[in-house]
Amino acid sequence: MNWFKYASPASFYPLAGKLIPYFAAITVVLLAIGLWISFFVAPTDFQQGEGYRIIFVHVPASWMSMFIYCVMAFWSALGLIFNTRLSGMMTQALAPTGALFAFLSLVTGSLWGKPMWGTWWVWDARLTSQLILFFLYLGYLALTSAIDDSRRRDKAGAILSLVGVVNVPIIYFSVIWWNTLHQGASVSMTKAPTMAHTMLMGMLIMALAFWGYTIAMGLKRVRCIILEREMSSEWIKKNAVE
Amino acid sequence: MNLFTTVFIMVRRDLILALRHKSELLTALFFFVIVVNLLPLGVGPDPKLLSKIAPGVLWIGALLATLLGLPRLFAHDYQDGSLEQLSLSPHSFTLIVLGKIMAHWLVAGLPVVLITPFLGIQFNLSGPIIAVMMATLLLGTPVLSLIGSIGAALTLGVRGGGVLLSLLILPLYIPVLIFGAGAAEAYRSGLDMSGYFWLLAALDILALFFAPWVSAVALKVALE
Amino acid sequence: MQWNSFSDFIHMGGYGLYVWGSFGICALAMIIEPLILQSRNQKIRRQVKRQGGQP
Amino acid sequence: MNLSVSNLSCQRGERLLFENISFELNPHQWCHVTGENGAGKTSLLRLCAGLTNPLSGLIKWGGIPLKEDTDRFHQDTLYLGHANALKEELSPLENLQLMSQLDGSPATEEAILTVLDRWGLLGREELPVRVLSAGQRRRVLLSRLTLKPCPLWILDEPFNALDRRAIQTLYELFNQHLEQGGLLLITSHQAIEMTDGMSVNL
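Protein chains in written order, with my numbering: chain A, 1 to 242; chain B, 1001 to 1224; chain C, 2001 to 2055; chain D, 3001 to 3202.
Be aware that a few hints might be false.
[As the list claims (entries may be wrong)] Derived SDA-like pairs: lysine to any residue, alpha-carbon spacing no greater than 25 Å straight-line:
{"id": "1", "chain 1": "C", "residue 1": "Lys2043", "chain 2": "A", "residue 2": "Pro96"}
{"id": "2", "chain 1": "D", "residue 1": "Lys3067", "chain 2": "B", "residue 2": "Ser1166"}
{"id": "3", "chain 1": "C", "residue 1": "Lys2049", "chain 2": "A", "residue 2": "Ala10"}
None of these hints come from the bench; they were simulated from the model.
Nothing here was measured: the structure is a model prediction, and the numbers come from that model.
Excised from the complex, chain A in its bound form:
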């Protein structure tokens, strides 16, 4: 199989179209199983009562937001090295979903924090670095939407996401350092509930469902981007794009 064949938008477009239903189906099935586990299989936590069930969306959303940022950096590196047009489009297709998950992680985190610690927000290392990740997403989205020329947009976006991914560990480390220095804060998030087997299972299945959702959305968005960019090109004029 020639992978480079699919690096061209013209041949990737129909492939993406075929893949979307499968990933959508996977998402729906996994979501159903995941939600069932979250509400009916997982037992009540003896410390946090029913409130802990937020974990089943909060943790997968946080994982996905970090994972998507890494995937964006991967596509960016590929795009800068091989100069493939598709890579830039993929990066831009993933960014809004990644930003969405970072946002959801922040909101669900504070909805969790309010009943557990009595406050919507604490300057905990994990929350703070998640917030910064959200800012990095916003920066990427702002930069790419401000540049009109698509080639420059791809390259500038790729450079920014690579600079970001190099900085994420440094930022994370510095935030932890900062947090340990200012131990004055009364609550600490490190006292997470002990992970029971079923809970881990539920979180993994929800994470997989989010993963399927991300791919489906990414493919859908990349198809829009391809159409927008190549509107005047011959293959769109000639071929029936379904």
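For chain A, the structure is supplied; the task is to place chains B, C and D on it using the hints.
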């Protein structure tokens, strides 16, 4: 081409240009002084509180002052076509960019370091803490200019450039802010603060190696 | 099965607002995003059609 | 040393400007790039100067693709574009000193003054460029032609804003350059009063 010659030519060029624009030259410094002096008006004149938050405030001020001059770092050269000519020079473009960044630091960062003692006195800081602040600013502000140049290059000629630049760059400044302001805090608590200096120095080296190169790549993209 | 009644399920042991709030906002986001994409897709398809292509 | 361009295609934004342009420029030769407004004359020159990357095709200098030996290529070329690339705050003398340093062939003050004299700018060498007229600025820029010894000149509309006398000086320089084995790639909206040139029409 000799490495130092290239950097030297560019630093001298940009410094001469900055000196011919005296108003622009001092903007960053005035901005820093005013921002820092507005703070007591916001939080009240309690000397204890002020001396507690002073390191953080000085650092935030330094961040903003650096940011202020960044949109102009490449913009003039981009508009009058000089940047294009610089990129065609037989000198290494990365070194040319490094020279411009160093000039930016000399104009925006160094004055901030030098004026810190006066502001420190206003905020009731003791001599040793002022010394610590100056040392961390001296180590940290070059990182701000270096990382900032990447943002300036990426947003060159883009609409809404200035605001966009802050959005891109400020999150990346966080480690510098934490280590810089943390050192003074650590000194006050009687903790060992050598770690902070090592970390700032590490950031310096890392940024020195990568930032001019990344900026040069981003500038070539902007010039296409 | 730890729920004795439906209202028990909604109540979530006193955490109903937070739990349903979290799941609700996620559900909302994951419904709205596909809808936005769908309308973007249709808009661009209409444009392609106007240009004489076959979307 | 020759410049060879093969099957060059160029895209700006989403628009294809030109396709499959090929030509070869040898020492003592000059080439006039013609075409309507927006046909891509400036883009072609920028491609040949190594400022942008082509969509497809290859440009070689002395048989070596541009991207493989940019250092030597930058030594060997002088590209002057639409923008004057002069710093308004500096005087012509300072501008040219700086440029010659950056070009890797630092010129002495006397050498620069001689060149400025040739362009009729003596007496203005200490004024800031800000106060000069468009034509005078253009002449300062063109002074670089004699300050950087290099075989390949790529000039985008060099006659713009020049008066009769300056145009005459420019022709003298062209002829001298070509005699010495130089190459000249040029765009101009007015006819070029030189013989034996080739032309590329976009």
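Going down the list of hints, with the structure as the test:
no. : hint                  : in the structure
1   : C:Lys2043 - A:Pro96   : 19 Å, holds
2   : D:Lys3067 - B:Ser1166 : 34 Å, violated
3   : C:Lys2049 - A:Ala10   : 17 Å, holds
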